[in-house]
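Position chains C and U against the provided structure of chain P, taking the given hints into account.
Residue numbers (full-length UniProt numbering), protein chains in the order written: chain P, 1 to 99; chain C, 1 to 99; chain U, 1 to 99.
Honestly, I wouldn't trust all of these hints.
What the hints assert, rightly or not - No farther apart than 30 Å at their CA atoms in a straight line, the calculated lysine-lysine pairs in the BS3-like style are these:
id, chain 1, residue 1, chain 2, residue 2
1, U, 86, P, 30
2, C, 30, C, 73
3, C, 73, C, 86
4, P, 73, P, 86
5, C, 86, U, 73
6, P, 86, P, 30
7, P, 86, C, 73
8, C, 30, P, 86
9, U, 86, U, 30
10, U, 73, U, 30
11, P, 73, U, 30
12, C, 86, C, 30
13, P, 73, P, 30
14, C, 86, U, 86
15, U, 86, U, 73
Stated by the list, open to error - Here are the in silico distance ranges between beta carbons for each label pair:
id, chain 1, residue 1, chain 2, residue 2, range
16, U, 72, C, 45, 34 to 44 Å
17, C, 3, P, 54, 18 to 28 Å
18, P, 59, C, 32, 14 to 24 Å
19, C, 32, U, 59, 33 to 43 Å
20, C, 47, P, 29, 22 to 32 Å
21, P, 32, C, 3, 37 to 47 Å
22, U, 52, C, 30, 25 to 35 Å
23, P, 82, U, 16, 40 to 50 Å
24, C, 3, U, 80, 28 to 38 Å
25, U, 14, C, 54, 47 to 57 Å
Calculated directly from the structure, the hints in this document are not laboratory data.
Every residue gets a Cβ at the ideal spot worked out from N, C-alpha and C, and that includes glycine.
Chain by chain, the residues run as shown.
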Amino acid sequence: MTEVTVVRLYLSEGEAQLDSLMRRLRDWEKLRGLTVFRGISGFGDDGVIRREGPVRLEPDLPVVVEFFDTPEKIEAVLRHLQTEIKPGHLLSWTARINQ
Amino acid sequence: MTEVTVVRLYLSEGEAQLDSLMRRLRDWEKLRGLTVFRGISGFGDDGVIRREGPVRLEPDLPVVVEFFDTPEKIEAVLRHLQTEIKPGHLLSWTARINQ
Amino acid sequence: MTEVTVVRLYLSEGEAQLDSLMRRLRDWEKLRGLTVFRGISGFGDDGVIRREGPVRLEPDLPVVVEFFDTPEKIEAVLRHLQTEIKPGHLLSWTARINQ
Numbered sequence: 001m002t003e004v005t006v007v008r009l010y011l012s013e014g015e016a017q018l019d020s021l022m023r024r025l026r027d028w029e030k031l032r033g034l035t036v037f038r039g040i041s042g043f044g045d046d047g048v049i050r051r052e053g054p055v056r057l058e059p060d061l062p063v064v065v066e067f068f069d070t071p072e073k074i075e076a077v078l079r080h081l082q083t084e085i086k087p088g089h090l091l092s093w094t095a096r097i098n099q
Numbered sequence: 001m002t003e004v005t006v007v008r009l010y011l012s013e014g015e016a017q018l019d020s021l022m023r024r025l026r027d028w029e030k031l032r033g034l035t036v037f038r039g040i041s042g043f044g045d046d047g048v049i050r051r052e053g054p055v056r057l058e059p060d061l062p063v064v065v066e067f068f069d070t071p072e073k074i075e076a077v078l079r080h081l082q083t084e085i086k087p088g089h090l091l092s093w094t095a096r097i098n099q
Numbered sequence: 001m002t003e004v005t006v007v008r009l010y011l012s013e014g015e016a017q018l019d020s021l022m023r024r025l026r027d028w029e030k031l032r033g034l035t036v037f038r039g040i041s042g043f044g045d046d047g048v049i050r051r052e053g054p055v056r057l058e059p060d061l062p063v064v065v066e067f068f069d070t071p072e073k074i075e076a077v078l079r080h081l082q083t084e085i086k087p088g089h090l091l092s093w094t095a096r097i098n099q
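Same shape as in the complex, but just chain P:
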């Protein structure tokens, strides 16, 4: 088991940055993997509760980007992302991975 830092970034579908962020994390930061999840409901800074509709008409559902890597690499990634991620929207913690 090796220590890694796990990151969860809280965005919303309305934010256009997701695609460029994914490419950047893959191509520049050389992350080995990344997963994006969509919430079915939630609220954020504006306090509006958003919900998935019958055919997903709601365009602003919460989106979470999750990835992990060595503490050193993640530290560098977070430094590079610093100006782009809203305060309080990036969570990180220490975990272990299998080898």
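Just chains C and U now, with coordinates in the frame of chain P:
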């Protein structure tokens, strides 16, 4: 980076409490954000494996409510929720957020 | 509050192992609960960015299996799974559950 406590609550779609829980966490507890995820499959206390169908006919898929805030605030929230959340259905751990 | 170990396993829908893995974790390892999430996008070892289509045509979306239990039980589960989970695809960390 500031320390926060992250919470994940494991419910199922069948439980009617989700909507009132979200409003309560927003209006009374003044949480700044919250995200609800639906699993595509899983099992819980009854041991029945539930799965997303072609048009999501399965009404009892697992649902996870995720939020985080300062350790003090979350401690109070968990105290308030204590009688409503089934034992073993609320997970919490310490993480860091960006500022 | 009791300490548990949380596990997140990163697979993809293409991997046939999900169903047998769930049954095994339920029937042999006697886990009390487990949730499977599907990502809407992501990339893994092959570096290909996969995305949910309008009717989910993409068959290889990321899938995450999440469960938690006592540290001793999870340690045994991870030992049993050791040869089946690709290196770097199993994350675990310590959290607390309500009682």
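Hints, verified against the model:
no.: 1; hint: 86/U with 30/P; verdict: 19 Å, holds
no.: 2; hint: 30/C with 73/C; verdict: 9 Å, holds
no.: 3; hint: 73/C with 86/C; verdict: 21 Å, holds
no.: 4; hint: 73/P with 86/P; verdict: 21 Å, holds
no.: 5; hint: 86/C with 73/U; verdict: 21 Å, holds
no.: 6; hint: 86/P with 30/P; verdict: 23 Å, holds
no.: 7; hint: 86/P with 73/C; verdict: 21 Å, holds
no.: 8; hint: 30/C with 86/P; verdict: 19 Å, holds
no.: 9; hint: 86/U with 30/U; verdict: 23 Å, holds
no.: 10; hint: 73/U with 30/U; verdict: 9 Å, holds
no.: 11; hint: 73/P with 30/U; verdict: 37 Å, violated
no.: 12; hint: 86/C with 30/C; verdict: 23 Å, holds
no.: 13; hint: 73/P with 30/P; verdict: 9 Å, holds
no.: 14; hint: 86/C with 86/U; verdict: 34 Å, violated
no.: 15; hint: 86/U with 73/U; verdict: 21 Å, holds
no.: 16; hint: 72/U with 45/C: 34 to 44 Å; verdict: 21 Å, violated
no.: 17; hint: 3/C with 54/P: 18 to 28 Å; verdict: 40 Å, violated
no.: 18; hint: 59/P with 32/C: 14 to 24 Å; verdict: 22 Å, holds
no.: 19; hint: 32/C with 59/U: 33 to 43 Å; verdict: 37 Å, holds
no.: 20; hint: 47/C with 29/P: 22 to 32 Å; verdict: 42 Å, violated
no.: 21; hint: 32/P with 3/C: 37 to 47 Å; verdict: 28 Å, violated
no.: 22; hint: 52/U with 30/C: 25 to 35 Å; verdict: 33 Å, holds
no.: 23; hint: 82/P with 16/U: 40 to 50 Å; verdict: 41 Å, holds
no.: 24; hint: 3/C with 80/U: 28 to 38 Å; verdict: 34 Å, holds
no.: 25; hint: 14/U with 54/C: 47 to 57 Å; verdict: 18 Å, violated
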